[in-house]
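From just these sequences and the hints, can you work out the full model?
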Amino acid sequence: MVIEDELKEAAVFERRKPDVFGDAHPKALLRKVVENGDYLKPLSNQHILSTDQFDKNTLRQLFRLAAKFESNPERFSTPLQGKILISAFYEPSTRTRLSFESAWHRLGGDIMSITDRSTTGIAKGESLYDVGEMFNNYGDCVVLRDRSDQSLYEMVKSLRIPIINAGNGVDEHPTQAMADLYTILKWRPDLSSSKVDDKLKIRVGVIGVPNQMRTVRSLLKIFAKVPHMFSEVIVMHDGSTDPVFDKGQLEHLRNAGLNVNETTKVKKLVPELDVIYINSIAWIGDTYTSFQEKIRLTGKSKLKDSAIILHPLARGDELSTELDETPHNWYFSQARGAVFVRMALLTCLVQRTERVIDVI
Amino acid sequence: MVIEDELKEAAVFERRKPDVFGDAHPKALLRKVVENGDYLKPLSNQHILSTDQFDKNTLRQLFRLAAKFESNPERFSTPLQGKILISAFYEPSTRTRLSFESAWHRLGGDIMSITDRSTTGIAKGESLYDVGEMFNNYGDCVVLRDRSDQSLYEMVKSLRIPIINAGNGVDEHPTQAMADLYTILKWRPDLSSSKVDDKLKIRVGVIGVPNQMRTVRSLLKIFAKVPHMFSEVIVMHDGSTDPVFDKGQLEHLRNAGLNVNETTKVKKLVPELDVIYINSIAWIGDTYTSFQEKIRLTGKSKLKDSAIILHPLARGDELSTELDETPHNWYFSQARGAVFVRMALLTCLVQRTERVIDVI
Amino acid sequence: MVIEDELKEAAVFERRKPDVFGDAHPKALLRKVVENGDYLKPLSNQHILSTDQFDKNTLRQLFRLAAKFESNPERFSTPLQGKILISAFYEPSTRTRLSFESAWHRLGGDIMSITDRSTTGIAKGESLYDVGEMFNNYGDCVVLRDRSDQSLYEMVKSLRIPIINAGNGVDEHPTQAMADLYTILKWRPDLSSSKVDDKLKIRVGVIGVPNQMRTVRSLLKIFAKVPHMFSEVIVMHDGSTDPVFDKGQLEHLRNAGLNVNETTKVKKLVPELDVIYINSIAWIGDTYTSFQEKIRLTGKSKLKDSAIILHPLARGDELSTELDETPHNWYFSQARGAVFVRMALLTCLVQRTERVIDVI
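The listed protein sequences derive, respectively, from chains A, B and C.
Going by our numbering, the first sequence opens with residue 1, and the numbers climb by one from there.
Going by our numbering, the second sequence opens with residue 361, and the numbers climb by one from there.
Going by our numbering, the third sequence opens with residue 721, and the numbers climb by one from there.
Hints are computed from structural coordinates only; laboratory data are not their basis.
It is possible that part of the hints are untrue.
As the list claims (entries may be wrong) - Straight-line distance between alpha carbons at most 25 Å, and here's what the computed DSS-like set of lysine-lysine pairs gives:
#1 C/K1020 x B/K517
#2 B/K416 x C/K728
#3 C/K728 x A/K300
#4 A/K157 x B/K368
#5 A/K8 x C/K776
Stated by the list, open to error - According to the in silico footprint, chain B covers these stretches of chain A (three or more CB under 8 Å from chain B):
#6 109–116
#7 154–167
#8 190–198
#9 340–348
Even glycine gets a Cβ: it sits at the ideal position worked out from N, Cα and C.
Put into structure tokens, the structure is as follows:
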């Protein structure tokens, strides 16, 4: 099957990787932001349903805490001792589920997983209200992903423990957006200041369809919390979906102060961008749909030397592996950072902030 | 999607709930029963297959231990350290599985879950005897739920670690019955005495079908262990199933000293009862069947002021949410208490009793 | 359902079993082999893909470490604290999965399970390379079983954490072969020496089909690492599969110094063997196939008094339960030992060897 030299080569591996993937950067962000636990206190009795809930000061402190975890991954192994997470993925997922479960394990907590909706009481006709009341008795925190937009809002009516929305239908995916913004700040910690000089603002392209993709919907909302970071945010698409925004979605973002536009002239614009966010897959019901299959980033794409690429993953052909070993690749750092962002958020939600924050 | 004020309201929650749900009551039971670990010793080399195995003294001590856990939920986090539970739910369940897994986690143990019968060796034709021998090597305790009545009895032939029956076909569900009785004793700790004055005995109605529902079968059996608590136990049904008892089932209960009767005059009787136990769903094979869809408890039902309602959950229309905020609602306390009852039982089965009992 | 005396009998169990199953023997192996941690160092940056990777000195030390764990099962409960295992069983399994998960739990680590390939990004078209990069961020070690031979080799291209092959298609199952050889050495610790007197070498029969069964393929390879143990290894089959070896497979084994032959004269040969290894089930794709249904070992089979039987389990009719209570039964010891062999290997792979080895 596998001849001997090939086997020897396959069987040995290196643990370290070159820092082309931006692994040194959490420390830079850690130094830039002054710790202030006051802004984390409101999280102790909140559910995380929508990106709309956050304010920039809380986000800044969550990112600092995430950077603290990412800079010292071995140090914080006990903050969630004795706490139980109910990991409820009624809509299938491996990546997001493992990201949350890894975060919870790293902090010393215990986990119960539900990965098959058909085994639940819901299949017996049980109301989500009753499911929430059940969860109150069994765990300390819930992470929920479901095909339906509304399940989450039904469940919170009875929940007395915090729940994080890990993706509700086409609506939102708040922690993914947090991970995306965290990555940008790891790359450019100076953007975490309250004021950013015009010359230093970044121009960001988002290749995606805001009214079809919860990742993009949440991303634009989180950008609207920190509009001073951006000279412009441009939604880029191929014109095959029309319209790309929900009614009122674009106005809402602009009213928050975000300079957001849309275009189909993707090829022309990409070389001018500082950050290119690309995503092509959206889950609709039981299946996934690929949008905009004609837009692809490859080794041949013209990019600014300093430009970075973000992708929530899983990826298909729209983001070529030719870019993996280039300095543009910040999507792996994005996936890595997502665990630490979730560690920060989960710690605050279950009231263990005082175990990890010095100034509180 | 969700407008901003609605979001603010949905996103904030309270951790405490008013004690209309009977949460203060474990302490009353704890004071009433004197601790005596001798009665727990027989559990150290027993499987929990049927409610028939228990005697009232062991039950009383298990309930006292459960009440100790429920009164001090944070105190006992290490008794099961180093112990592994094999959580085998060959018949789907979320509620019972999470209840057991939460109990085991709360006590510091580790868990391996099997939630899909088709991934097991049984699908390869492996005997349950061999599955039991396998479990001996991998864990310290098994919890099993299966569609077949007999799987459990096949498996115990080779098991050298304890197993708990979490529901075997239509036969039994012993720990659910324990949770039900525990709830009654939390509500009325005086009933835990060996003698109960006639004027204080309770009149209990069980809305269900004993020969179709393992929850009801086990419940009546556990009542028959403590017949002195009851002035009468009445099985109430709508007459659509006939007969409602298996051959010999009723005689067996009466021989144990339980004053048990049946009736179809449900509406007339309900206002006279101290405890109303209601259940309508039974799992038969791969699907569930609803029994007695005409019998419903709602906000309009005439109940004694002091009457309490029990339901093993999940519920459908037979128990209206209108009752949730009334003092009759002891079904949420019942679900909550089930975790602590299981904690008590599991601790004793894996020989860790000495870590939680003072007098042993 | 179950009458009372039968219940009493079913409900009580013994924890100990008579040592007909070879449980005392780890200590003999422990005494025989001198500890030398140097031979375990190469494991700290290796994937375990194929049995071909091992050399006899590393195997000897792994078996000594396994024997140390098996002799003192309660002692080593913390070596893997803080380490996360990704248990990825894309091809269904309960036995092997629980064996690995039990091993990891026993050493104090945490686990995330993937038991349904359809929930993974692979179902979205994600490459195995990207899955590997994802695993780098979420865990410290991967165990993978998949229907395809090649998935493993695709995944290692990006992995920077160790992976163990728990069965790849028809190709290999290295840790099963390790468990099999470990069992032989527990039975005959003298065979662990570098030299074995001709009179003491063992004659081993392998009832199985090497080119269809990954367990047999890996077993023959591991025998070829220690050819000095065997006077002869005979592959025994019923002639219904032809050929039974892949092209070059037999030559490769013989070139390594293993005296290996094949025969269909099974009945004649069995009474002359010291070790009989039997397996009849092979998983091909989504279903299993039984090979050689005419070859069976039963209580009537003529065996040398001192002969031992091995079987990777799950078993069907080919190995009768009549043999379970005889001294020939080493297949239960084999299953038990597999957990400790995996504990030894996992500890070394995640660089925690210094926590369990004295001489390193």
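Checked hints:
For the proposed pair C/K1020 and B/K517, the alpha carbon gap of about 23 Å is at most 25 Å, so the pair holds. Distance hint between B/K416 and C/K728 is fulfilled; the C-alpha atoms sit about 16 Å from each other, no more than 25 Å. Under the criterion of a C-alpha separation no larger than 25 Å, the hint pairing C/K728 with A/K300 is inconsistent with the structure, at around 76 Å. Restraint check for A/K157 and B/K368: the C-alpha separation of about 13 Å stays at or below 25 Å, so the hint holds.
Between the alpha carbons of A/K8 and C/K776 the distance comes to roughly 16 Å, so the proposed pair stays at or under 25 Å and holds. Here the stretch 109–116 of chain A counts 6 residues with a CB under 8 Å from a CB of chain B, which clears the bar of 3, and the coverage holds. With 5 residues carrying a beta carbon less than 8 Å from a beta carbon of chain B, the stretch 154–167 of chain A meets the three-residue requirement, and the given coverage holds. Note: the stretch 190–198 of chain A has 0 residues with beta-carbon separation from chain B under 8 Å; the three-residue rule is not met and the coverage is violated.
For the stretch 340–348 of chain A, the stated coverage by chain B is violated: 0 residues have a C-beta nearer than 8 Å to a C-beta of that chain, whereas at least 3 were required.
Checked against the numbered hints above, the structure violates hints 3, 8, 9; every other hint is satisfied.
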